[in-house]
Every structure is written in C-alpha cells, then in structure tokens.
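When you get a sec, could you build the whole thing from the sequences and use the hints?
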Amino acid sequence: MTKTSTLICGAVTALCVAAGAAFAQQAQQAPAQPNTARSTDPAKPLSFFVTSEGVGKGADLGGLEGADAHCQKLAASVGAGKQTWHAYLSTQPAEGKPAVNARDRIGNGPWFNTRGVQIARDVAQLHGDTLDAARLGNNLSRTTVLTEKNEAVKGAGDKPNEHDIITGSTPDGRAFADAADHTCKNYTSSAADGSAQLGHFDRTGGGNTSWNAAHPSRGCGQANLVATGGAGLLYCFAAN
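Just so we're aligned, residue 538 is where the sequence shown starts under this note's numbering, counting upward by one.
Where hints are given, some of them may not hold.
[To be verified] Taking lysine-lysine pairs in the DSBU-like style, the calculated list, with each CA pair at most 30 angstroms apart, reads:
#1 594 / 696
#2 581 / 691
#3 581 / 610
#4 594 / 691
#5 594 / 619
#6 722 / 594
No lab work stands behind these hints: they were computed from the structure.
See the structure below:
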C-alpha cells in the first residue's frame with residue numbers, strides 16, 4: 538500500500554468515527570417519546586377520565602344518578618369498577634332539593650389519568666382555590682385528558698370537534714346561584730331549547746380556556762350539543 542492510499546484510508550476511518558460519535562450524541566439529545574401505555578403503578582391508579590361516549594340523549598343524563606352510573610359502567614369496562622365513580626356535575630335547587638356542587642362530589646384526590654399522569658393533587662389545585670394553587674394550576678390539557686379507553690378526545694381543530702364537556706358548574710366548581718337554568722333541568726331534559734354549562738377539556742376555543750365553565754350549550758338535545766362543539770361527554774372522578 539502506498540503512502541497516499543494509507544492517508545486516504547486513515548482519513549475515511551476518522552470521518553466514520555466522527556460521524557458515529559455525532560450520531561450517538563444526537564440520539565442522546567433526542568427528546569424522549571411520551572409514554573402512551575396504560576399505567577400499572579398501584580400508586581397511581583386510574584381515577585380520572587372523560588367518557589368515551591355520552592349517554593346518547595343529549596343533556597338528559599338521567600339526573601346525577603344516571604350520570605354517575607354511566608361513569609361507573611365505563612370504569613368497570615376497563616377494570617376500574619371497584620372504585621366509586623361520580624360525574625363532575627353541579628345541580629341547581631329544584632323541587633325542594635338543595636343545589637349540589639360538582640367539587641363536593643369527587644373526593645379529595647389526587648387524581649390520575651389512564652397513563653398514571655397526575656391531573657390534580659386535590660380539590661384546591663383542581664380549581665385554583667388559593668393563590669399558590671392558581672399559580673401552580675391543574676394538569677388538565679389536551680395531552681392529559683384521556684378517555685377510560687386510554688384514548689385522546691377530539692378537540693378544537695379535529696373533525697368532529699367534541700371538546701365541550703357537560704359540567705353545569707361555575708369556574709370554582711359550584712352550582713350557579715341565579716334563576717337561569719344552567720343544567721338542562723338538572724340533566725333531565727333533551728329538548729331543543731334550554732342550556733347546560735360546558736367546559737373545554739383542551740383549554741382552547743371560543744375565547745375561553747376554562748376546563749369546566751367555558752360557555753353554555755345552545756339547547757339540551759344531542760343535536761344541539763353536537764352543533765355547539767360536543768358529544769355529551771362527561772368528566773368522571775373516582776370519589777374514593
């Protein structure tokens with residue numbers, strides 16, 4: 538081998554070594570892919586989800602009892618039926634019964650989604666009750682709000698957009714105190730008129746980023762909810 542060929546071979550080897558080192562460095566610096574597997578960590582049990590489907594009758598959920606039963610059924614379908622599940626819904630005073638606040642129905646937390654990601658440590662953080670809690674904020678977002686099936690929910694920009702979630706609640710998780718109906722007659726009406734307060738799970742759209750009190754629906758029927766930007770979906774929390 539001539540001196541010239543030796544130099545060429547040496548240069549090629551050095552180039553390959555340098556390229557390999559650069560590739561290894563890029564691989565180390567590449568961002569980790571998000572974990573999409575369902576959590577099996579007993580310290581982070583499934584305790585929060587958005588229903589993969591609505592009841593099918595618009596805002597007529599069969600009252601709180603029917604809504605809770607819907608959450609319980611879907612939770613049981615993925616092996617989480619041993620916990621007591623409640624829908625995040627407020628009701629207004631009616632027929633001699635007092636108002637019910639959604640925040641009082643969901644237990645104390647913390648709550649985790651299907652992938653073991655904590656969405657809030659307690660009721661105060663969920664609603665931003667204190668200055669510190671408001672600054673910290675909850676962890677509800679398009680990437681963390683998942684169905685019981687461990688699937689993403691269709692949000693703003695998707696077809697169809699289903700980001701409206703029925704809550705009947707004010708931003709602090711309580712029932713409305715005025716005389717207007719914000720709950721489609723406490724979730725017993727599927728009429729074309731009436732209204733229920735909705736939240737945006739993806740924290741976007743309509744000029745309001747509230748997860749639980751973005752705007753009212755334009756009617757109580759299934760078609761009305763779809764036209765507003767939803768599908769009659771609910772937030773479900775494990776209350777124990």
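Going through the hints against the structure:
1. 594 / 696: 21 angstroms, holds
2. 581 / 691: 25 angstroms, holds
3. 581 / 610: 21 angstroms, holds
4. 594 / 691: 20 angstroms, holds
5. 594 / 619: 27 angstroms, holds
6. 722 / 594: 14 angstroms, holds
Consistency note: the structure conflicts with none of the earlier hints.
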